Amino acid sequence: MIQLRQITKVYPMGKRELRVLSGVNLDIEKGELLAIMGPSGSGKSTMLNLLGCLDKPTSGSYRLEGREVSRLNSGELADIRSRKIGFVFQTFNLLPRLSALANVELGLRYAGGIDRARAMEALAKVGLSERASHRPTELSGGEMQRVAIARALVKNPPLILADEPTGNLDSRSGAEIISILTSLHAEQDITLVMITHDANIAHHCQRIVHLKDGQVEREEKV
Amino acid sequence: MKRWLEPLSTAWVGVVTHKLRSFLTVLGIVIGVAAVISLMSIGKGAQADILSRIETLGSDLVTISPGAPTFGGVRGASGGVRTLTQEDAEAIAQQVAYVDMVAPVYSTSLQVVVGGENMNAQVTGVPPEYQEIQNLETASGAFFSDYEYQRGAKVVVLGSEVKETLFGDADPVGQQIRMGNNIVRVIGVLESKGGGFGSSDSVVLIPLTAMQQIVAQPRTSQGERVVSTIALTISDEEHAETAVEEITSLLRTRHRLAPTAEDDFRITSMQELAETVTEATGTMTLLLGAIAAISLLVGGIGVMNIMLVSVLERTREIGIRKALGARERDIWVQFLIEAAFLSLAGGIIGVIAGWIVSYFVSRTGVITPLVTADIVLLAVSVSVGIGLFFGFYPAWNASRLNPIEALRSE
Chain W
1 MIQLRQITKV YPMGKRELRV LSGVNLDIEK GELLAIMGPS GSGKSTMLNL
51 LGCLDKPTSG SYRLEGREVS RLNSGELADI RSRKIGFVFQ TFNLLPRLSA
101 LANVELGLRY AGGIDRARAM EALAKVGLSE RASHRPTELS GGEMQRVAIA
151 RALVKNPPLI LADEPTGNLD SRSGAEIISI LTSLHAEQDI TLVMITHDAN
201 IAHHCQRIVH LKDGQVEREE KV
Chain X
1 MKRWLEPLST AWVGVVTHKL RSFLTVLGIV IGVAAVISLM SIGKGAQADI
51 LSRIETLGSD LVTISPGAPT FGGVRGASGG VRTLTQEDAE AIAQQVAYVD
101 MVAPVYSTSL QVVVGGENMN AQVTGVPPEY QEIQNLETAS GAFFSDYEYQ
151 RGAKVVVLGS EVKETLFGDA DPVGQQIRMG NNIVRVIGVL ESKGGGFGSS
201 DSVVLIPLTA MQQIVAQPRT SQGERVVSTI ALTISDEEHA ETAVEEITSL
251 LRTRHRLAPT AEDDFRITSM QELAETVTEA TGTMTLLLGA IAAISLLVGG
301 IGVMNIMLVS VLERTREIGI RKALGARERD IWVQFLIEAA FLSLAGGIIG
351 VIAGWIVSYF VSRTGVITPL VTADIVLLAV SVSVGIGLFF GFYPAWNASR
401 LNPIEALRSE
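Heads up: the protein sequence lines correspond to chains W and X, in order. For the first sequence, the working numbering assigns the number 1 to the initial residue and increments by one for each residue that follows. For the second sequence, the working numbering assigns the number 1 to the initial residue and increments by one for each residue that follows.
Just chain W, with the same shape it has in the complex:
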């Protein structure tokens, strides 16, 4: 599904350079449930941005479903994001002016077109059918994250990336979100990559990759 080879990411900081990733090698199998852990500054978020085609590596090779994507232009990357990748963010990133349903529909907006029935179906999968017309401000944190998961899911992408999906939630809603993610992963043929600080959550995954100073420190099978 994913092969990363010697991936580096360097940000210019004035005259000096900030090397965030330096030579990451990682393979991710199709249908895998993977956690990425590491202290802050270890390059987790940068890695997820690269995996999500929001950013390009400074050097190295990234093959997604066999296709080299590390040198594509912004339009081609947008195209990949629209069809292949669903994001779940720590801060949910819902549009506050739109209803839960409209937010989920937005997931289809750039992936072929808005389809109300499919959006309702995705909301049902996360158990929020009854809240379809509510605005994000009328929902709890856990509910907002479920809407965000539905939005990521609605276009049936092969890859879902979650950046600390429980980071802004209390432990009960956090556990709920994790159980939704893991059961979705079990039901559907989805590759799920999740950043987390929480070792308990990480142990719901099949494999844990530990990053440190921009490199893979160790991998651990659960």
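Do not rely on the hints blindly, as some may be mistaken.
[Said to hold, decoys possible] Using C-beta positions, here's what the derived DEER-type ranges look like:
no.	chain 1	residue 1	chain 2	residue 2	range
1	X	I356	W	S140	48 to 56 Å
2	W	E219	X	K19	50 to 58 Å
3	X	A290	W	S140	54 to 62 Å
4	W	D213	X	S409	21 to 29 Å
5	X	A290	W	R67	54 to 62 Å
6	X	V13	W	D189	34 to 42 Å
7	W	N73	X	L286	41 to 49 Å
8	X	I356	W	N156	51 to 59 Å
[Unchecked claim] Covered by chain X, according to a simulated footprint, are these stretches of chain W (three or more residues, beta-carbon under 8 Å):
no.	segment
9	43-55
10	71-78
11	104-111
Quick caveat, the hints were computed from the structure, so don't treat them as lab data. Quick caveat, the model's predicted, so the values are computed rather than measured. Beta carbons: idealized from backbone N, C-alpha and C, even for Gly.
Starting from the known structure of chain W, arrange chain X on it as the hints suggest.
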């Protein structure tokens, strides 16, 4: 939902969410468009009004009036000279092609008395053709006939204002009035033509032959009978210019002007006047429109300002949309549609407002503004154009945002 519908509904949600802000932004465009519509329609209305007045005087009418002769480069007062003669008129009628009817006109101011009322009227001696040349209609009675002209009958036709002053609401036809030392009989009253150029409302028309019995018509040194003006019509408007040229050369010959001397007469054709007026009022309309367009430009800058604010406020939304797979073009189109939407709304409301202003201006009766389709179309398309033009930069800014930074923004 169709692909193009979503940005429209997003634009709508954006407008509704910030009602006051949207209203103020749109207001700039509304004022601009309303100003363009009302000022240009007033200009067009003024033009049509003036042209219709010229039309009532007869568009094929040509008037020759005496010009100021120059004495060693010093120009004398215009009209204060006696250069045109009845014989000039006869020569034009006989020798110039494309001339239909010719009327020598001699007018002078005379005291007119009836009962207790009296007034100083412009008594004008003319041949019967004058009625047709000037498009005159009688409101009551009739114009004098060829027969009355031939025998120099002392009969008069009153302008509507003169009739009003001397007779009020009574019918003057058949009544006698005193004019200088003579008694004349009223045989007709002219229909009012409204004020304006050489209005016929304030004249008393009399056969030129009768006029010559009442006042002594001056003569030139050659013994020709002096007239005030010569009115004539052109039989074929296509050849108006040729006719005017021929008249000019004929009169120059008759007046024995040296080749270097200036004309001692002026020829004014209504067609020419109409063209001049059309051109002048057209320029005025355009000028008014241009001034109004400046306010439209200011409105456009308002749109740009608000779009820049909107892009800034929605940076995070742009980041989210990009993460969901929006291409630069998608973002760009979305914000452009919003800008066009705002200015189109302003344009439509502005057309309505301009229309209302024009309506109230027409109610005052001074001028009847003409709201024509081309003005409306121009104003609306210019307003949308301004929206697109001033929306372009903010939209481009939005489309170029880095998705990661956009997602991180508050």
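Outcome of the hint check:
Hint check: I356(X) to S140(W), Cβ distance near 51 Å, so the stated range 48 to 56 Å holds. Checked against the hint of 50 to 58 Å, the C-beta distance between E219(W) and K19(X) comes to roughly 55 Å, which is consistent with it. For A290(X) and S140(W), the hinted distance range of 54 to 62 Å is satisfied, since their beta carbons lie about 59 Å from each other. Taking 21 to 29 Å as the suggested C-beta distance range, the pair D213(W) and S409(X) conforms, at roughly 27 Å.
The hint said 54 to 62 Å for the Cβ distance between A290(X) and R67(W), and at roughly 57 Å that hint holds. Between V13(X) and D189(W) the CB atoms are about 36 Å apart, so this pair conforms to the stated range of 34 to 42 Å. Distance hint check for N73(W) and L286(X): the Cβ-Cβ separation is about 48 Å, which falls inside the suggested range of 41 to 49 Å. The supplied range of 51 to 59 Å is met by I356(X) and N156(W), whose beta-carbon atoms lie about 55 Å from each other.
Counting residues of the segment 43-55 of chain W whose CB falls under 8 Å from any CB of chain X gives 4; the rule of at least 3 is met. Remark: the segment 71-78 of chain W is confirmed as covered by chain X, as 3 of its residues place a Cβ nearer than 8 Å to a Cβ of that chain, reaching the required three. Closer than 8 Å: that is the beta-carbon criterion, and the segment 104-111 of chain W has 6 residues meeting it against chain X, so the requirement of 3 holds.
The earlier numbered hints are all upheld by this structure, with none contradicted.
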